[in-house]
Amino acid sequence: MSSVTRKTAISRTLRARLTLWYLAILALTLALFAGLLYLFLAQSLYRHHDEELAEEARVLAEVLRGAKPSQQAVATSLGSQNVTAQFVMVRDLRGDMLYASPSLEAIEPGIGRHEALVHAAARGDGAPQFFIVQLDRSGPARFICVPLGQPPAAYLQVGSLLGDVAATLHRVGVVSVVLIPVVLVLTSFGGLFIARRALSPIDAINDTVTAIQATDLARRIDIHPADEELSRLVRTLNQLLDRLERAFATLRSFAADTSHQLQTPLTVVRGTLEVALSQPREADVYRQVLRDVAEEVDDMSAVIADLQALSLADAGPPARAKGPVDLSETCCEAADIIHALGEAKHVTVESDIAPGVRVWGDAIRLKQVLLNLGDNAVKYTPAGGRVTIQLIQETGQGVLRVSDTGAGIAGEHLPRIFDRFYRAHSSRSGVGGTGLGLAIVKAIVDAHGGVIAAESRPGNGSCFTVRLPLAS
Amino acid sequence: MRLLLVEDEPKLASFVEQGFAQESFAVDVARDGEEALERVRAATYDLVILDIVLPGKDGFAVCRELRGMNLNIPVLMLSARGMVEDRVKGLDTGADDYLTKPFSFAELSARVRALLRRRDPVRLALKVADLVLDPISRIVRRGERRIDLTPKEFALLEYLMRNAGQVVTRAMIAERVWNFTWDRLTNVIDVYINHLRKKIELQDEPRLIHAVRGAGYVIRDPQDGD
Chain A
-11 MSSVTRKTAI SRTLRARLTL WYLAILALTL ALFAGLLYLF LAQSLYRHHD
39 EELAEEARVL AEVLRGAKPS QQAVATSLGS QNVTAQFVMV RDLRGDMLYA
89 SPSLEAIEPG IGRHEALVHA AARGDGAPQF FIVQLDRSGP ARFICVPLGQ
139 PPAAYLQVGS LLGDVAATLH RVGVVSVVLI PVVLVLTSFG GLFIARRALS
189 PIDAINDTVT AIQATDLARR IDIHPADEEL SRLVRTLNQL LDRLERAFAT
239 LRSFAADTSH QLQTPLTVVR GTLEVALSQP READVYRQVL RDVAEEVDDM
289 SAVIADLQAL SLADAGPPAR AKGPVDLSET CCEAADIIHA LGEAKHVTVE
339 SDIAPGVRVW GDAIRLKQVL LNLGDNAVKY TPAGGRVTIQ LIQETGQGVL
389 RVSDTGAGIA GEHLPRIFDR FYRAHSSRSG VGGTGLGLAI VKAIVDAHGG
439 VIAAESRPGN GSCFTVRLPL AS
Chain B
36 MRLLLVEDEP KLASFVEQGF AQESFAVDVA RDGEEALERV RAATYDLVIL
86 DIVLPGKDGF AVCRELRGMN LNIPVLMLSA RGMVEDRVKG LDTGADDYLT
136 KPFSFAELSA RVRALLRRRD PVRLALKVAD LVLDPISRIV RRGERRIDLT
186 PKEFALLEYL MRNAGQVVTR AMIAERVWNF TWDRLTNVID VYINHLRKKI
236 ELQDEPRLIH AVRGAGYVIR DPQDGD
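Note that the protein sequences, when read in sequence, are chains A and B. Our numbering puts the first residue of the first sequence at -11, with every later residue one more than the last. Our numbering puts the first residue of the second sequence at 36, with every later residue one more than the last.
Hints may contain errors.
What the hints assert, rightly or not - Derived DEER-like restraints, expressed as beta-carbon distance ranges:
| no. | chain 1 | residue 1 | chain 2 | residue 2 | range |
| --- | --- | --- | --- | --- | --- |
| 1 | A | T252 | B | R181 | 50 to 58 Å |
| 2 | B | E58 | A | E233 | 34 to 42 Å |
| 3 | B | K233 | A | A342 | 27 to 35 Å |
| 4 | A | P370 | B | L47 | 41 to 49 Å |
| 5 | A | T252 | B | M36 | 35 to 43 Å |
Said to hold, decoys possible - Derived lysine-lysine pairs resembling DSBU-like cross-links, with alpha carbons at most 35 Å apart:
| no. | chain 1 | residue 1 | chain 2 | residue 2 |
| --- | --- | --- | --- | --- |
| 6 | B | K233 | A | K310 |
| 7 | B | K46 | B | K136 |
| 8 | A | K333 | B | K187 |
| 9 | B | K136 | B | K187 |
| 10 | A | K333 | B | K233 |
| 11 | A | K333 | B | K234 |
| 12 | A | K310 | B | K92 |
| 13 | B | K124 | B | K136 |
| 14 | A | K333 | B | K162 |
| 15 | A | K367 | B | K187 |
| 16 | A | K310 | B | K187 |
| 17 | A | K333 | B | K92 |
| 18 | B | K234 | B | K162 |
| 19 | A | K310 | B | K124 |
| 20 | A | K367 | A | K333 |
| 21 | B | K234 | A | K367 |
| 22 | B | K187 | B | K162 |
| 23 | B | K46 | B | K92 |
| 24 | B | K136 | A | K367 |
| 25 | B | K233 | A | K367 |
| 26 | B | K233 | B | K162 |
| 27 | B | K162 | B | K92 |
| 28 | B | K136 | B | K92 |
| 29 | A | K367 | A | K310 |
| 30 | B | K124 | B | K46 |
| 31 | B | K187 | B | K234 |
| 32 | B | K124 | B | K92 |
| 33 | B | K187 | B | K233 |
Hints in this document: simulated from the structure, not taken from any laboratory. Glycine residues also receive a C-beta, built at the ideal position from the N, C-alpha and C atoms.
Please model the complete structure; the sequences and the hints are all you need to start from.
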């Protein structure tokens, strides 16, 4: 990936997304915090203010009790009081000014007709009300409007400027609005840095894996991140490489083996035909040559058919996914066939099959397992010998055993008998076969999540044991 | 009898054509699916041998179209792929039989003959000389003598008798009686044929089941001559 495309894809990189999410959450948290702080601060500041206003209004209302609602009367009643509030007014029920504290008109000329104050008096509330009024000259002021008499005959309005409180709240607001973006910008750099650091092993892993080619599958990722998640990723990738390397190695040797297996009979065919054609011969000779060639062709067909069976067992979805199989029934069918094969060779075939053994898998391929094992056993057991097929159920497993009284397998061959094209007996021993039968068996057993083992002592026969997990 | 062979590989087409010509069949060869359908529309064939891998339209598609034309010609499919799935798909698209390459000409010929033969209604009792098999009651008699057979032996005899007078190959028997293919089954079939012979051909009785060298087996009424 070039650096240009890397930049255009920045919004799609994990670290950019992580940072963006981080910032979004932080911004939301900070905004919420600032908002709540502002609200609580305003509330507590106003409460303090309101308490003073209410106390002053209470004293004034006491003084005005019983006084006639006229400018003169009010002025017389209030004149003696020591009032600290800047604004004191008495309004009638229509909102018209009955009294205003001295010098009020000078400080705030339009206050008599101020809409909010007129409205507060004209509304006719029976209880005191607090509100904020934006005065033309003096700025914001907090007012209390108290009814005089019950029912109200007039309203006392006492107010004081919010000066300090408003300025404090304003500052808090400005600081929040300015500081939050600054904090966010600073943190975004920090966030990006942290994300880059945390994800840098991924880039390293990526570069290493990219560099590994089919030709150097032996290489591994040699990075040891401190984080558990990333070291697990490295382990998983290395295990994948292990499997890939093994699969490639198997494939390579298999391809070589396959071509060798087909080259030999092809050479025989070609040679036989060339020799036959080199000079005129009797019709009988030609017939014999053609029969020999047909035999070689049959051998090659058998190899190809087995290769196909093997690739079927190797590839495709796990055989276990197919469904439950009555292994007992499958074994009975296969045992009948092995029995007939034994009969043709005068080998006794005995079977002892427990009923109701069920496993997950593919019935056709599982039958192939027993057929190949049974066929082998019959093949390598001389006339008069005995082959035993046994199926039992053991702690969560179906156990299939095929044993014979044949020549057995020498110790040095035993570990390799499941290898593809491996033959313990030389091809001149008269026993045919492609050398793939046991490899097919192993591939099928593997695909079913089972295990296969072989035991043998030369002269004492062999025993193959297949264990398959039961279908629960 | 006239066969249509749909096969794009000239050498394969040539040996099949030659083989059937020797058996006095008329064989036309079509090189691809379109040509095959044209020929089927223009002329009457008794059977179509259809390769699956063809240039353009493949064998499955040709078979589906043939069946769509409401023609009841038997179709035998040829394929290099021996996978069970292909076989099932072939038979599902309306093919009557399916043969995997490589095959021997004897195998192909036996299958073609079996397809050409008109089939007996399934329920009818089968009879070859004095041997009678009743598929419903599952009773087998030779003359007055009743013969006890195992289920596999019965299935094998029934298959032979349904194709009485026709050679059936071991591969055909494996597919129809054992329901799967495995090269070692040929030996198994020979053993079962032996069992059958011992039971239905006592020493003084005329032989009914004959082995045909390089091909398979046939059950035949001795009166019908060779």
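Does the alpha-carbon distance linking B:K187 and B:K162 stay inside the 35 Å limit?
holds, 19 Å
Is the straight-line distance between the alpha-carbon of B:K124 and that of B:K46 35 Å or less?
holds, 26 Å
What's the verdict on B:K136 and A:K367, does the C-alpha distance respect the 35 Å limit or exceed it?
holds, 27 Å
Outcome of range test on Cβ distance (B:K233, A:A342; 27 to 35 Å):
holds, 32 Å
Given the hint of 50 to 58 Å, is the C-beta distance from A:T252 to B:R181 inside that range or not?
Between A:T252 and B:R181, where Cβ atoms are some 54 Å apart, the hint holds.
Compare the distance between the alpha carbons of B:K187 and B:K234 with 35 Å, and conclude whether the hinted pair is satisfied.
holds, 14 Å
Given the hint that B:K124 pairs with B:K136, test it: the Cα-Cα distance must not exceed 35 Å.
Holds, at roughly 17 Å.
Quickly compare the C-alpha distance for B:K46 and B:K92 to 35 Å and report which way the hint goes.
OK: B:K46 and B:K92 at ~21 Å, within 35 Å.
Is 34 to 42 Å right for how far apart the beta carbons of B:E58 and A:E233 are?
violated, 55 Å
Straight-line alpha-carbon gap B:K187 to B:K233, limit 35 Å:
holds, 15 Å
Below or equal to 35 Å on CA atoms is what counts here, so check A:K310 against B:K124.
holds, 18 Å
Is the straight-line distance between the alpha-carbon of A:K333 and that of B:K187 35 Å or less?
With a Cα-Cα distance of about 20 Å, the restraint between A:K333 and B:K187 holds, given a limit of 35 Å.
Hints 2, 6, 17 and 27 from the earlier list are contradicted by this structure; the remaining hints agree with it.
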